[in-house]
Every structure is written in C-alpha cells, then in structure tokens.
Amino acid sequence: MNQSKATAIGFCAILLWSSIVGLIKEVSHSFGATLGAAFIYTVASLFLLLSIKWTPLSKFPKKYLIYGSLLMVSYELCLALSIGYSENSVQAIEVGMVNYLWPTFTMIATVLFTSKKANWLIIPGIIVSMLGIVWVLGGDKGFNVSEMIAHIQSNPLSYGLAFLGALLWAGYCIVTIRLSNGANGITLFFMIVAAILWIKCLFLHDQPELSFSLSSVIYLILAGAAMGFGYAAWNIGIMYGNVTTLAGASYFTPVLSSMLSSILLSAALGLSFWQGALMVCVGSILCWLSTKKF
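Everything in the sequence shown is counted per the working numbering, starting at 1427 for the first residue and increasing by one.
The hints are simulated quantities; they were obtained by calculation from the structure and are not laboratory data.
Take the hints with a grain of salt, since some may be wrong.
Under the rule of at most 25 Å between Cα atoms (straight-line distance), these lysine-lysine pairs were calculated in the BS3-like manner [said to hold, decoys possible]:
#	residue 1	residue 2
1	LYS1431	LYS1485
2	LYS1488	LYS1718
3	LYS1542	LYS1431
4	LYS1542	LYS1489
5	LYS1718	LYS1543
6	LYS1479	LYS1489
7	LYS1431	LYS1626
8	LYS1479	LYS1431
Put together the whole structure using the sequences plus the hints.
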C-alpha cells in the first residue's frame, strides 16, 4: 500500500478515537461497565469482519500472534473498563486523559526498542506530559499533588487501568512494527476481547439491570463503529504509513477527545483541565520533535 494513503487512513483513526471516551461512557450508563464493553466489542468485531474480514491464523507470525494478542487484548480491557468504572462523566474524561499518555510512552518505546534516535527534547517532553496529568487531576487547583492523590484514591481502579493501558498500547505499537510482518490481527484481537468480557458477564455474575432504548442502541452502534474502524485504520497506518507523522498528529487527540466528550456527556470542564490537556499535547509533541532531524 502507498505510504501516503496509509498515513491518511491512520489520520481517520485519530478522528474516530476522539469520540471513544464519551461513547463508552454513554454505553456504560445503559448496560454497565462490563456488559456495555462486551456489547461494544461484539459490534466492533462484526464491523471488522465486514470490512477487513478474517485473517487466517496461518498468516500470522507466531510471536506476533502471542505477544500482539496479549498486549492488544489487555489494553482494550483496560481502556473500556477504566472508562466504564468511572463514577461520573468528568471522571470518565479525566481517566481518558490519563490513557492519552500513550503517545509519549509510544515515542519512548520507539527510541528504546527500535533504531529511532532522540535528542534532548525527549526529557522535557516526558516531564511536561506527566505534569499535564497532575494538572488535570488537580481539579480547579491546577498543580496540586495532594488533590491529584485524592482524585486517584477516589477511584484507583479506573485511574490505574487507564495508566496501565497507556503502557500496554505503547508496547503493542512496537510489537506490531517489529513482528507483524504485515499481518493485521485487529479482528482476531477484538473477538478475543469480546469473548473475555462475555465470560466475565456470564460466569462471574457481573450483570447489571439493562436499559434498552433507541438512544442506547445508537450509542452502542456508534461506539462499535468508532472502535472497529478506528483501530483497523490505525493498524494500517502504523504498518504501512509514516509512524512518526501519525504519532505527531495523535498528540492532539487529548484536546479533541475532551471537547467531544464534554459535549456528548454534558460535562463542564474547568480551566485547569484544559491547561493540563494542552500540557499533555505539548509534552507529546516535544517527544515527537526529539526524533526529527532538522
């Protein structure tokens, strides 16, 4: 595939991803965290089967099948459940912001585990990104470590899963670049995620009261489409496109996602939140610039 075309497809993934936080939270309102996620990944798997279809297991390099599936499935479980278990709309957006540390972590992993080199800008990039998260979790007080700790302690499961997910996604990107050999495992990986979530629902008695309505079904379809098509597009982008260009563009996702989520969830976000979101973006961009040659 032409690199420019693959890169453009990767850009589409960024736009779709920006809607995921709000859509997951809306679905969890109607179906609960686990069951809602199970529905989303089932719908997403159907979209993937219809679009990029099924890839025979024989086409996958064995190492990628093992490590790629482990990292991707673990990441998706962390992402969906961290947002689903959030206590309110604002917290869901905050949790999503923690997950958006993945561009910074991806660039760090790229430097550590590939031939990509970085200059001194990567250090302030990492620092500014992490300070941005402290700013977001500091609430109206901005940079306030004690307030950040209080935020995390109010729901350590959601914030912890989001942070772990950011690390896992960085690992998945590197494994895909180095081991996939062009094999697109997204359909298989999503089906595994859906199966695990259904097992959790059916055998661990994690079944809340259902609330079917036209709006809940619409949100479910939209979430499944954003998930399925978004990750399918991203896989194409990182396998055949310009990875550093896509990583640089993805650094603006936190702000775009927060804007869409605040509208979708009718959540008022204070000035400190937006300051922190911009810091995450700036830090990620500095990490990206550290790998560029001028």
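message: So if I understand the rule, the pair passes when the alpha-carbon distance is 25 Å or less; does LYS1479 with LYS1489 pass?
response: 22 Å, holds
message: For LYS1718 and LYS1543, compute the direct alpha-carbon distance and say whether it is at most 25 Å.
response: 9 Å, holds
query: LYS1431 and LYS1485: Cα distance at most 25 Å?
result: 23 Å, holds
field: 25 Å limit on alpha-carbon distance, applied to hinted pair LYS1479 and LYS1431
entry: 20 Å, holds
query: Taking only the CA atoms, is the gap from LYS1542 to LYS1489 under or equal to 25 Å?
result: 22 Å, holds
message: Need the status of pair LYS1542, LYS1431: alpha-carbon distance at most 25 Å?
response: This hinted pair holds, its Cα atoms lying about 23 Å apart.
- request: Take the C-alpha atoms of LYS1488 and LYS1718, compute the straight-line distance between them, and say whether it is at most 25 Å.
  value: 33 Å, violated
message: For a C-alpha distance cap of 25 Å, please report whether LYS1431 and LYS1626 respect it.
response: 39 Å, violated
Consistency with the previously given hints fails for numbers 2, 7, ordered from lowest to highest.
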